[in-house]
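Colleague: Construct all of the structure, not just a fragment, from the sequences and the given hints.
Just so we're aligned: the sequence shown equals residues 1 to 918 in UniProt numbering.
Keep in mind the hints are simulated off the structure, nothing from the lab.
Take these hints with a grain of salt, some might be off.
What the hints assert, rightly or not - For lysine to aspartate or glutamate, the following EDC-like pairs were computed, each having C-alpha atoms within a straight-line distance of at most 20 Å: (1) 742 - 825; (2) 7 - 29; (3) 422 - 336.
Stated by the list, open to error - Label pairs and their calculated CB-CB ranges: (4) 789 - 767: 18 to 26 Å; (5) 683 - 548: 33 to 41 Å; (6) 380 - 277: 42 to 50 Å; (7) 483 - 380: 31 to 39 Å; (8) 365 - 237: 27 to 35 Å; (9) 789 - 731: 38 to 46 Å; (10) 196 - 268: 40 to 48 Å; (11) 87 - 107: 22 to 30 Å; (12) 107 - 31: 36 to 44 Å; (13) 818 - 546: 49 to 57 Å.
Predicted model, so just to flag it, every value in this text is computed and none were measured.
Positions of the beta carbon are idealized from the N, C-alpha and C atoms, including for glycine.
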Amino acid sequence: MTFSQRKYIFEHKGTQRIMVINNCTSNDDAAYSVVAGEEKCTTELFVKELPIKIVKGIEPVKTTVNERIELECEVSEEGAQVKWMKNGVEVPTGVRSRYRVKCEGTKHYLVIDDATKEDTGTYSVMASGGTSEAHVQVDLKPLKVFQDLQDMTVMLGQPLKLHCEIFPGNVPGRWYRNGQLIQPSDRLNIIHRAKVHRLEIETSSLHDAGDYIFVPEGYSQSLTAKIHIIDPPRVHLESLNFPDNTVTVVAGNKLRLEIPISGEPAPRVVWMKGERVILDSGHRVHAETYGDQTSLTIEVTEREDTGNYKIVLQNEAGEATASVKIKVVDIPDPPEAPLVPVVGGDWCSMTWEPPKYDGGSPILGYFIERKKKQSSRWMRLNFDLIKETSFEPKKMIEGVPYEVRIFAVNAIGVSKPSEPSKAFTPLAVTSEPTMLVVDDVTDTTVTVKWRPPETIGAAGLDGYLVEYCIEGSNDWVVSNKEVTEKTKYTITGLTPGCKILVRVKAINKAGASAPRTLQHSVLVKEVVEPPKIRVPRHLKQTYTRKVGETVNLVVPFQGKPRPKVTWVKDGNPVEPSHVSIRNTDCDSIIFIRKAERSHSGKYEMTVQVENHVDTAIIDIQIVDLPGPPQSVIIEDVWGGNVNLVWTPPKDNGNAPITGYTIQKADKKTMEWFTCIDHYHRTCITITELVVGNEYFFRVFSENMCGLSELATQTKKSALIVKEGLQMKIPEYSDHDFKEAPKFTQPLINTFAVAGYNTTLNCSVRANPRPKVIWMKNKMTIISDPRYRMFSNQGVCTLEIRKPSPYDGGMYTCKAINDLGEAQVECKLEVKVCNGCKEARHLLGNQLCQDIIAVYQTDNTRHPHEDHTIEARDVARYGRAGVPPGTQAWGRDPSESAWWLGCSSQDPGRQTKVETSAA
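Modeller: Structural data, given as structure tokens:
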């Protein structure tokens with residue numbers, strides 16, 4: 001490499017040191033430094049590229065769709081980068097883009113192979129040294145119609161095909177029916193092949209009729225055709241769902257027969273009965289046709305309206321006829337009065353003859369009604385039709401006269417009622433009593449019991465009659481002269497040792513029922529049964545209840561004759577005023593409505609039959625909440641531990657103490673917290689207490705009912721102190737720290753440089769913590785991203801990001817709490833630095849920013865004071881150091897500007913930096 005081909009060349013000329021850079025490029029744009037001993041000097045080199053000029057600009061183009069467009073321009077240098085734009089937007093040149101860009105030397109091309117109308121616009125090419133633009137116009141080719149659409153009339157259900165031919169052939173189009181866009185579907189197909197456009201419908205429908213329009217895309221011209229769909233008339237009798245097309249109507253009702261019809265165009269409809277035409281102006285019978293339905297209306301049907309009705313439909317596509325048969329029917333005549341040949345206790349048998357006239361419809365069945373002779377209210381006996389001509393009414397009241405009547409029913413309705421039958425009165429005895437058994441036997445009496453008859457009857461049950469006879473005899477003796485209503489009876493006055501048979505009859509107004517007799521004879525002799533107490537399983541152990549609950553104990557026993565029952569509590573008879581006791585033949589009930597602790601104890605029950613005795617003991621325990629421990633003492637305090645000792649409660653609530661709950665409370669707050677619950681011992685060590693706190697303790701007792709209502713608290717408190725230190729805590733009265741907001745440091749009027757962040761600071765004291773509001777020119781600052789507000793330990797800060805002159809004004813900080821409010825204000829001035837270019841050229845942009853930031857945050861150097869920024873400050877805060885010859889920074893008191901003095905090259909030269917905030 002020769003001397004001239006080297007990139008960097010260094011030369012020495014006396015005290016001068018020279019560096020030469022050959023073939024300077026943009027990569028050489030950098031900061032350069034030279035070091036001589038301990039001295040260092042730095043400068044910055046700026047390299048600018050020569051602009052690329054457009055030698056030959058692009059020319060306007062006017063063409064048609066599908067043609068090729070090529071825009072050409074020529075620049076001053078080869079390999080230059082240019083940018084193609086369309087309507088001010090860069091043209092995409094990716095792989096899938098319609099645009100292609102190519103370069104041949106200094107010529108650049110933009111190619112569009114298949115132009116569309118959307119390619120119309122203003123295209124421009126941009127180079128670093130200039131711009132060229134031209135307008136491209138893409139028009140459609142003239143439209144030619146080789147074959148227009150033709151009007152058509154199509155039979156319903158037949159294929160529909162619309163055909164047209166236009167040029168150019170590659171132009172798509174849209175089909176419209178009655179102004180609505182047509183989309184392809186399963187039954188509709190749209191075909192475009194070259195210049196041919198077709199619309200095909202496989203099966204036409206009435207909705208396909210209308211005005212069709214074909215519009216070529218991009219053209220205002222359109223092709224039209226009118227399609228008419230015709231359909232032969234038809235009568236849809238199948239929708240009536242009547243067998244044999246026969247309509248049945250009840251005489252006197254209104255008949256409106258609506259029959260669907262079809263046909264395109266709408267057919268003319270004529271109704272006829274025989275040779276008579278039914279007009280739409282008739283009064284009682286008239287016909288109407290509207291839309292897709294025709295109707296025949298008979299306002300009040302009569303028997304003469306029965307017959308065949310003919311419907312005739314005509315339109316240009318053909319003719320259709322149909323027939324409908326109308327049958328007018330009525331309800332049947334009432335039957336003759338029914339006969340009642342047989343009457344039972346609560347039932348009867350009745351028969352009747354069918355009606356003479358069935359109303360033109362078969363008799364479906366009959367309804368039967370009955371009533372008491374003295375009443376006028378009839379009651380329906382059957383809800384399902386009776387098809388026979390006989391019936392047995394039941395559940396009648398014996399002794400009450402009744403009448404019955406009949407209704408005949410056909411498909412039309414229910415006939416009028418028949419004449420009532422002759423009055424009849426049902427009456428019958430009950431069935432025999434059930435489940436007759438011997439309940440008790442003594443030397444002179446026999447007690448029997450039974451259950452009522454299964455069937456009592458409508459006459460009711462007056463009572464029972466008990467009879468007996470000696471075994472071997474047939475002489476029945478009535479034991480009760482008057483009937484008894486009870487189902488238990490004792491026969492008295494019997495001879496000891498004899499055997500008797502017993503029977504019971506049920507008595508009512510109709511007489512006595514069939515008797516119920518014991519299956520075996522009864523020996524009149526009493527049997528002694530020793531007493532036996534059957535203590536329930538849950539009473540064999542201590543029966544426990546809480547105070548206030550109900551105690552209801554049933555203790556069954558057995559023994560004959562009836563045992564004598566006594567109760568004793570703790571050796572003393574039970575007081576009836578405290579405990580209610582009720583004895584029966586088979587059990588004893590002890591009842592306490594509201595239990596008290598005094599009801600606790602052992603209750604002894606004694607059951608005695610003659611010399612036979614049986615006893616049982618019932619242990620009842622009534623429990624309550626326990627009392628609190630008798631005393632709680634702090635035994636010892638060491639480190640973070642306290643040893644507690646307490647004595648069990650004097651009152652355990654009549655139940656064993658199951659545990660204790662220990663709580664602690666700080667003397668300052670006296671809020672109680674549980675240390676441990678369900679604790680079984682009477683001493684405990686509480687650990688992990690906080691040093692410096694003073695604690696009280698309390699203890700609750702606990703049994704099966706729960707915790708005691710009160711707790712026993714330590715009389716003294718436990719102070720947790722650090723080991724080895726004994727400090728006597730002086731007593732202080734609580735000080736009220738609440739106060740209204742007061743600013744201890746106000747806001748200071750501030751100057752700021754536009755574009756550099758600045759902050760406003762003040763401090764406030766208040767309790768409770770105040771709400772801080774910042775305002776600019778009396779307007780509250782809310783959710784503005786240019787401002788950030790901080791509040792920490794009473795110091796309030798407002799940061800203004802990169803302020804502009806618009807941000808200048810009066811700023812207010814307001815603090816508000818419940819006791820009042822306070823505010824401070826300051827003035828902020830923001831000025832633009834217009835004369836810093838030379839200072840930035842000497843020191844660099846960042847160094848100027850650092851120096852300004854230093855003097856903004858230096859409270860000892862106020863901007864209004866006349867002072868200088870020394871070179872040591874520049875060297876301390878600058879990144880690249882101070883240029884040679886820099887002596888100091890200074891400020892002219894008469895001007896709002898800072899100057900920089902340089903002495904090495906020109907001691908008298910000063911550079912002013914127009915920045916009033918530095």
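Colleague: State the violated hints by number, sorted upward, taking the hints as numbered earlier in the document.
Modeller: none
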